[in-house]
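Once you know that position 161 of the sequence shown is 161 in the numbering used here, the rest is easy, because the numbers rise by one and skip nothing.
Keep in mind that the hints were calculated from the coordinates and are not lab data.
Among the hints, a few may not be true.
[Claimed, not checked] Below, in silico cross-link-like pairs of lysine to any residue (SDA-like), each with a Cα-Cα straight-line distance of 25 Å or less:
no.: 1; residue 1: K97; residue 2: K180
no.: 2; residue 1: K97; residue 2: C5
no.: 3; residue 1: K51; residue 2: M8
no.: 4; residue 1: K162; residue 2: S137
no.: 5; residue 1: K51; residue 2: N123
no.: 6; residue 1: K51; residue 2: C5
no.: 7; residue 1: K132; residue 2: E178
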Amino acid sequence: TGPDCVDMGRVNVEPRPYVQIATIIGLGSCNVAVGESSCLVSMDYCKTSGKGYSPYQIHMKGTGTYANLGGLQSHFYTYWDMNPPVINSIVSNPLDKTVVMLVTDSDVTNDWTTYMWATNIFNLSLKDTSNKVTTLSPKSVAVLNYQLKQVTFDYSKLPSGKYTATGAATDTYNNTAELKLSSTILHDVTPPVVGIIFEGKPADGSLVKGLENLVIT
1 TGPDCVDMGR VNVEPRPYVQ IATIIGLGSC NVAVGESSCL VSMDYCKTSG KGYSPYQIHM
61 KGTGTYANLG GLQSHFYTYW DMNPPVINSI VSNPLDKTVV MLVTDSDVTN DWTTYMWATN
121 IFNLSLKDTS NKVTTLSPKS VAVLNYQLKQ VTFDYSKLPS GKYTATGAAT DTYNNTAELK
181 LSSTILHDVT PPVVGIIFEG KPADGSLVKG LENLVIT
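With the sequences and hints as input, model every part of the structure.
Have a look at this one:
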């Protein structure tokens, strides 16, 4: 059905010489024919907001003279997250040529389910005055607490120029947040050139007598 819905689930079992009834508690059931190893459970299971985790028990039951056989066999696990992370701030540090981004994911838990929700993908897009875009991966990611991360990008190896920067953070469910740096990055890696002129001629390697005719540019 919809992109955030499950309309059918397959239950796999060992073949038996009798019809087996597979039930996903609260969602639906199906019959596994004699000698077959699976059946499809029709359902209308949708999650369109928030985040969560729900396990549904799968029960198997025999039929006819085998009706007394069965019980809990497995689970149908569902996980969802429709909430993007939040980029709290993005700041440029011209002296060390880095951009630092603080990212919060309020869906991350501090228990055994922590791996289910996480924001671990970060990038920084820098666009120069010719609209060429360079995408950087983090130089480092520091975990400040279980929901807050500090992400540092190093742009020192880029060519000299003016750049607009946009940071992005993506969680395990492909929810993405973006935040644009409010100021333009002025990046200069071209060293100055020093010229020494004495009496109208380059003085490199020459003996200079007196400073009155010395020009440094």
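Pair hint outcome, K162 versus S137 [Cα-Cα no greater than 25 Å]: holds (19 Å)
Would the pair K51 and C5 pass a check requiring their Cα atoms to be no farther apart than 25 Å? Satisfied, since the Cα-Cα distance of roughly 14 Å is no more than 25 Å.
Pair hint outcome, K51 versus N123 [Cα-Cα no greater than 25 Å]: Roughly 24 Å separates the two Cα atoms, so the pair holds.
Pairwise hint evaluation, K180 against K97, where the allowed Cα distance is 25 Å at most: holds (17 Å)
Checking one constraint from the list: CA of K51 to CA of M8, max 25 Å. Satisfied? holds (21 Å)
Next pair to validate is K132 with E178; report whether the Cα-Cα distance is within 25 Å. At roughly 19 Å apart (the allowed maximum being 25 Å), E178 and K132 satisfy the hint.
Straight-line Cα separation of K97 and C5 no greater than 25 Å? violated (45 Å)
The structure fails to meet hint 2 from the earlier list, while all remaining hints are met.
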